[in-house]
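Residue strings, one per chain:
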Amino acid sequence: MKYSKQATLDLAKSLNKEECLQGINQLTLKEGSSDANIFTDGEVVLDMDCVEHKFASIEKRSPVKSMDSAFVTTDSTGTKSELVMVEYRFNYKNLANLSRVELLQKVAGSTAAAQSTTNVHPNYYFVFNSNLKNQAISRLARMNPVIPQHYKAIDLKDIQDLFFS
Amino acid sequence: MSNFPDIRILAEDFRAVNHADIIINGITVVAGENGSGKSSISKLLYFLYRTVADYDRIVARELRGSLADVSRFLEIIAQETRYYDKGLDFRGEVVELRKALLNTEDLKGEMRRWIEVVEQIQKFLSATEWVKNPDRLTPRNSGRFRHILGDLLNIDYKEEDMDESFEKVKNIIIKNFRKAIDTIELRPTSLFTEELRRVFIEGSLPGKFEVQEYGDLIVALTKKNLSIPYSIQNAIYLDTPMMLHSEASNNVHWDDLEELLQKKGNGNHLVADLINSEIIQGDVYSDDVLYSTDEFKFKRVDGEVFGLLDVATGIKSFSILQILLKNGTITDKTLLILDEPESNLHPQWIIEYARIIVLLNKQLGIKFFLATHNPDMVSAIRYISEKEGVLDGTNFYLAQKVDGKFKYNYTFLDKEIDPIFESFNIALERINKYGI
Chain C
567 MKYSKQATLD LAKSLNKEEC LQGINQLTLK EGSSDANIFT DGEVVLDMDC VEHKFASIEK
627 RSPVKSMDSA FVTTDSTGTK SELVMVEYRF NYKNLANLSR VELLQKVAGS TAAAQSTTNV
687 HPNYYFVFNS NLKNQAISRL ARMNPVIPQH YKAIDLKDIQ DLFFS
Chain B
374 MSNFPDIRIL AEDFRAVNHA DIIINGITVV AGENGSGKSS ISKLLYFLYR TVADYDRIVA
434 RELRGSLADV SRFLEIIAQE TRYYDKGLDF RGEVVELRKA LLNTEDLKGE MRRWIEVVEQ
494 IQKFLSATEW VKNPDRLTPR NSGRFRHILG DLLNIDYKEE DMDESFEKVK NIIIKNFRKA
554 IDTIELRPTS LFTEELRRVF IEGSLPGKFE VQEYGDLIVA LTKKNLSIPY SIQNAIYLDT
614 PMMLHSEASN NVHWDDLEEL LQKKGNGNHL VADLINSEII QGDVYSDDVL YSTDEFKFKR
674 VDGEVFGLLD VATGIKSFSI LQILLKNGTI TDKTLLILDE PESNLHPQWI IEYARIIVLL
734 NKQLGIKFFL ATHNPDMVSA IRYISEKEGV LDGTNFYLAQ KVDGKFKYNY TFLDKEIDPI
794 FESFNIALER INKYGI
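The listed protein sequences correspond, in order, to chains C and B.
Residue 610 in our numbering sits at position 44 of the first sequence, and the numbers go up by one each step.
Residue 515 in our numbering sits at position 142 of the second sequence, and the numbers go up by one each step.
Since the hints were derived computationally from the structure, they do not count as laboratory data.
One should not assume that every hint holds.
[Claimed, not checked] Result set (DSS-like, lysine-lysine): computed pairs, CA atoms no more than 27 Å apart in a straight line:
{"#": "1", "chain 1": "C", "residue 1": "723", "chain 2": "B", "residue 2": "774"}
{"#": "2", "chain 1": "B", "residue 1": "496", "chain 2": "C", "residue 2": "723"}
{"#": "3", "chain 1": "C", "residue 1": "723", "chain 2": "B", "residue 2": "806"}
{"#": "4", "chain 1": "C", "residue 1": "596", "chain 2": "B", "residue 2": "788"}
{"#": "5", "chain 1": "B", "residue 1": "581", "chain 2": "B", "residue 2": "780"}
All of these numbers come straight from a predicted model, not from anything done at the bench.
Please model the entire structure based on the sequences and the hints provided.
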């Protein structure tokens, strides 16, 4: 399953949140990544904070925590699709303050925001700077109570290799 | 300030170590799997600084060893002569001769004292009253005396050789003292390599071993002489606090540590107080005269007193630091070599131990060489160092296996610890593999 720009655009359209589409390079830069432009220009993702805020405004409630971004992947035939949720944690403070409750809330919030429009990918990705990735894996694994194994700490290069290459 | 590191160590082809180029500017952390040579480097460092920083004392100790038969001979004679003349007692002087060797800075003066004592004994034995009583058993005609002297001089002793034999005893003394005096002046590297051969009984010496201080080579196995170090003047090797239970061990570093712990002194120390108040909730102390480490007491903040050997192992780990700080052994010129200090500590205390390491480096300038397997220790050293402003002097290394060999290269990571975690995380993969 690889990233599909068209399927991601279609999802935004079906949610009526096209204004929440953003270039992945711009979004990761805004979130504090030091690796600029590692994705191809024009590759867009959904800014899930934006999506959640819009829904909260419409539903007249406070926004809940959500993952930072989401994009759709499809298989080679284009018949199967999945929504991949990604959260960015690019500096040490974000690693140091990793909270199990917050991670669970973010996943729950984003899943709700996606409104079952498509299948959600079984793994939730937490992206760290490359020099913090293994520390993050260690911290996630040692959280108590244990964090589900499908919460994955990775870096941007891994995201690119998994879904964009 | 120079751009050169305080200390740079290059070791190659030594046990599991293929190549290690390691800087010690403040806190140096090395990580790596079991058998990657961390302890070998720790011990190389320890025995190097034990030799170069304590050079005169080691030479004096060797001199004392080489004169052991002579001093035993003199003691026996001194004992025997006392039977024949109660007013005459050389024993105190002989014992003093031996003791003084370890504390003197004037070996030439000590050599003169040894010769004087021998001459006094020789003069006494040559006195006419012995000759006048040929039938009486005396040191001069005792078979035992003759045998010992013969053994000492490696000759078949005959009574008439006595004066000549004493000259030979004096020559043994002079020869050994001169050798020691020359050794101190020349500081040959061989003293260090001999020490290494004693410690690492199996295997050969490193293919390469060099130490630079501020960019200048001060030690090399290819160099004839050892320079006098400045930035590190004593090294302490701490591995397990179980050494406190060891009365006599084959571990030189345990015996050395026991000696250091017994050093007198009970000064106030900020970090020792912090260990007391914030970590182990108690203080270690001893009575004025201390003959062994089992006499240390641990007084808890509620006033309860325990023998130090009876308290939790983690408390012992911190108590050792407390004692060494309070008795003034640890100074700004100390290299503390810590071999897996986390072994006996609860995770919470691992972080506290790391904090103490950072504070000792920050406040006293103590240098650390730390071998560890523990993610919390690595993480705590990294981020507490940054918080306390000593990250510049903190460096991390990872032992990485050379393909297809049981040899390791030590990779300089600077301040990056993630590669260390990558190796630690293999354990997590194994849990996932073997677990539910």
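So, going through the hints one by one against the coordinates:
1. This hinted pair checks out: residue 723 (chain C) and residue 774 (chain B) have alpha carbons roughly 25 Å apart, not beyond 27 Å.
2. Note on residue 496 (chain B) and residue 723 (chain C): the hinted pairing is violated, with a Cα-Cα distance of about 89 Å set against a maximum of 27 Å.
3. Proposed proximity of residue 723 (chain C) and residue 806 (chain B) is supported: the alpha carbons are some 25 Å apart, at most 27 Å.
4. A C-alpha spacing of about 25 Å is found between residue 596 (chain C) and residue 788 (chain B), which places the hinted pair at or below 27 Å, so the restraint holds.
5. At roughly 15 Å between alpha-carbon atoms, residue 581 (chain B) and residue 780 (chain B) fall within 27 Å of each other, so this suggested pair holds.
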